[in-house]
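Working from the sequences, and respecting the hints, build out all of it.
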Amino acid sequence: MVLVFIENPGDELSQQALVFARALGEEVQAVSIDAGYAPAAWASSIAEVISRRGPSAVIAPGTDRGNELLAHVAARLDLPMAANCTSVTPGDPATVTRVRWGGSLLEEALVHGSPLLLTAAPHAVAAEPVGVEISTLTPSLDGALGVIEHQRATVAGVSLADASVVVSGGRGVGSAEGFAPIEELAALLGAAVGCSRAVTSAGWRPHADQVGQTGTKISPEIYIACGISGATQHMAGAKGAKKILAINPDAEASIFASADYAVIGDLHQVVPAISEEIRKARAR
Amino acid sequence: MKILVAVKRVPLTGGKIVLTEDERAISTRHLGFTISPHEECAAEEAVRLVEQHGGSSTVLTLGPPEAAEQLRDMMAIGIDGGSHLVTSGEEWDPQATAAAIAEAVRSEPEPYDLLLFGNESADAANYQVAIRVAYALGLPSVTGVKGVAVADGRVRCEQEVAGGRDVYELPLPAVVTVKEGLNLPRYPSVPGRLRAKRKPIETRTPARPEPRLEMVRLKLPPSSGNRVEVLGHGPEAAPAVVDVLQGLGVI
Amino acid sequence: MLAAGLVLAAAVALSVSAFVVRARFLVALLRAAPAVDRSNHVPVRVRNEATIVLGQRKLLQRLGPGLAHAFIFWGFVVLLPTILIAMIGIVDKRSTLPWLGHQGWYALLDDVFAVLVLCGVLAALWIRKVQRPPRFEGSHLGEADLILALIATIATTLLLWHATRIALGLNEWPRQWSPVSNALSHLFARDSATRVLERAFVWTHVLTILAFLAYLPRSKHLHILTAVANVWFGATGPGGRLEPLRFDDPDVPEDQLRFGSGTIADLNFKEVLDTYSCTECGRCQDACPAFATGKLLSPKLVIMGLRDQLLAQDSAPLVPGAVPEDSVWDCVTCGACVQACPVSIEHVDQIIDLRRHLVMVDASFPAEAEPMLRDVERASNPWGKPQSERADWAAGLGVDVLEPGVPAPEYLYWVGCAPSFDERARTAAVSTAKLLKAAGVDFAILGPRESCTGDPARRIGNEYVFQAFAEQNVATLNAAGATKIVTGCPHCFNTLANEYPDFGGAYEVIHHSELLAELVRDGRLEPTSAGGRTITYHDSCYLARHNDVSASPRELVSAVGRPVEMARSGKSTFCCGAGGAHMWMEERGKPINAERVREAAATGADTLAVACPFCTVMLDDGVQTTGAELEVVDVATLLAEAIPDGSPPPVSESRG
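Protein chains in written order, with the numbering used here: chain A, 3 to 286; chain B, 14 to 264; chain C, 92 to 747.
Treat the hints loosely; a few may be bogus.
Said to hold, decoys possible - Partial chain C-side listing against chain B, Cβ under 7 Å, derived: (1) Glu345; (2) Phe350; (3) Tyr555; (4) Ala719.
To be verified - Heads up, simulated DSSO-like pairs for lysine-lysine below, C-alpha to C-alpha not over 30 Å straight-line: (5) B:Lys212 with A:Lys245; (6) B:Lys192 with B:Lys232; (7) A:Lys219 with B:Lys29.
By construction, these hints were calculated from the structure, which means they are not laboratory data.
Glycine is no exception: its CB is placed at the ideal position from the N, C-alpha and C atoms.
Put into structure tokens, the structure is as follows:
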């Protein structure tokens, strides 16, 4: 039996953890915890389930909390734990492939210990409905160390440096007003808006928005660069991006040498079309 | 207060990663070395806390002899001393690493009030060494912190979560892992660098136990090295773009 | 006679002691200042005294004001003995200096130069009062007026004194030798009134001179003494070299190390002498590209600010006390100010020393430059690119990469970081490599063993990081036995050629334009006169001004197209805006590159030729922001286009 920790029922990454768990070819059971977040207390409650149900593996989503919680479990039980796995092959020892270097490298590793403790790397598998009933634990938090207060974000929007999606415009945008479609796409994606040095030099946007070596260094999941040629100084700020999607009318633009995905065309046509397509996808 | 900061020497990979012949490490022939940005923030925070509250800070690393360079780098921004757990350069798994660190901490005559770590290492990213150290020492811990304040023997930590920040308050001594963005690490002054050359580094050579998370080999992700994938020309490419965004989970 | 002698003696004593009191203060400051070794190159220093001081070479770069000053200066030199003659005349109106006082030719010189001095003064007044050029903005104008008035008084009273003496028949020299005084003498009768006037003129003449002497060390006119010394101690080598700091001097305890200029106590001997020598003429400010584009920096105000704080003995930090912080960062180290300065002030060294203290001690500098500093140090190049990709630009070109232990061939090609990693700068390296191969030149590159020369770190003020790179690179080059280095980057050129000798590296360094021009001259490369490009060549500061390389690139331009010149060219070039680590800083206000591109476009050229990777990037950016119809191309690429098999291939696509 494989025990899957559900961080949030219905949440995509928890669903992915369930799908991931099926690779072990055993029955999948799911637990979630209904209590204020207190990692040590939560871990103790998971450890208690482990000792009661005796799973061969425990899997959590590779989120901040999934990783933290499972590390607590591992430390408590003195077991090895593999974080952010993209695949697992059962066995003794089990073999996993896990993500290192923020995704730029994979590691094949053997996990010597039972039960097997793993977290599933986000988006390693696609989420799909898995008909598993989730049992809910309600540990006592007496004296447990946990969240004492939640501060709501006061400022709307997301900072360029922290954003998981960044949509940027370059000289190709043409004017300060030309950023409207880029802002629209960013709003749809919950993304931060960035720009190149040429744009701040032209005074179209403030220096705070500049992505580049002399601006902000970004590390989003995807960087959408619109009308940006890809100057070295710009790319030095964008090299932390996991994926780059470049939109540029010039098929020879140097940004395409660093990009993962390319759309060859004028951003003023392409970007609104993408926004439109996202709205359609959301409506479905 | 007395603060420990743990850091890890990692190669500075800027572009495509090249592996060694045995595929068990990154080829570092032409690479510089650094520590993770999380750990730089941890060291900066330690220096600031000592500036505010007095006391001393120590930077610890488990790594090859060359990792002394990273200890000196951190001492250059104001960390007072170094502790070097010298290895012969092979990979230590998180359990072994945590055990060695806990042992070094325990042997310290005067205990630490605060142990700072990066949220995860830049290379292995196992997300667990600090928590294991906390359990070994019987200390409370909190991870992924972007705000730290110490008062009255307690540390208040802020963790960024969706929609805001969760706040924790831990009695000292405690283990805290921090994330980049906690502060802006200072640029080392030259007098600081010169002073760092004279600061003490204590070394010990722990024995490496058999790994229980045993790295077999490294490999490059299947997508890397590929040419750019052209999704299309003009507005007609929009559906393909949305497919990509959905695949990455950003829609 | 005795009374006059006593009064004169008292006046002289008063004036001299006023002078000495101040001079001792100034000399004490100089003696307390950290030393700079400028004992070498004595013949060059003698030549500088002859040309810059006596010949007024730098002043005459601007003919009108230069001549006005030269007349006053030469007049001052020629008329010096008349001070003695006048003093003798005060004591005994019938005596004069033996021999010289009787020479007709000297009387003629007196006349001619007194008139020239007056002409100079009038011209200076016209410039200051009528023309009012902006270079005087911020200078002490009242002080200058007072000095001009004193000089005019001295020259006028000399002529009138001579005139009255002729009228009274007291002239010891043949009167026909002094045509001006002689003509003026007809205004005076041989009577008692003239006898009184004769006394009045000589007294006024001498007392004005004595007042001047007392005032001299308290005014910008101090330069008439200090400029001679400042020119002597001026830098003799190529203008691009910075004075190194020493961090490993066993005689200096670590807590007394000097990290540039933090307070007045840090200003070195030459820097103190610089401040004494400034005449506030503003020629530096006029030449400064930062000032020209509305930045806060004025090199003149930097020197004046330092002087004022030094003389006030104010031990507060020099930045922002003497120099506003923005001024320090505005400098592009182009050296136009140093070149323009008539008294050999080294503004760039002064500004770099201010930066050094800010960066190395206070760790305070424009935040956007921090990634560059960290990347240079950690990744050995300013963009943090992997060293393993340094030779990627040469893929498929058959360029030899020198392995450790293998001796260097005839030429070591030092590529530089920008041509290695920047896609726009890369084309020039590809062209150069192809041309060198086509001409059969024996060369190799260091590939991943080449690293940043440390120039951007040095120019932003991190001497410590620079020296680490200097030592490492010198070790690599020396181990490879490199003797001749060719490079496409003028900044690398300057560092390798002029700064590495301070760290044990002595190489014959040439720029790719020089080598390529030589290959064309020798017929080893034969451009088939290419298309009808009209080309204007932009001189890189670090090539033309700092290292005097401006003919070779022009030879290449002439070989492949129709050259047209911009007004600011050769050693008088105008910076592209990237120097002094500005490639990695954000420019405030009007961009320098746009200004330069407009100047280039105004020549009607279709091609803006360059010979520097930073100029390439900056001017290409400028072309795009201004929309100018210009193509920015390195001279190597222009030549490659004109060689049948030398055309550059498309830049290889590599993932960044």
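Results of checking the hints against the structure:
no., hint, verdict
1, Glu345, "holds, 6 Å"
2, Phe350, "holds, 6 Å"
3, Tyr555, "holds, 5 Å"
4, Ala719, "violated, 29 Å"
5, B:Lys212 with A:Lys245, "violated, 42 Å"
6, B:Lys192 with B:Lys232, "holds, 27 Å"
7, A:Lys219 with B:Lys29, "holds, 18 Å"
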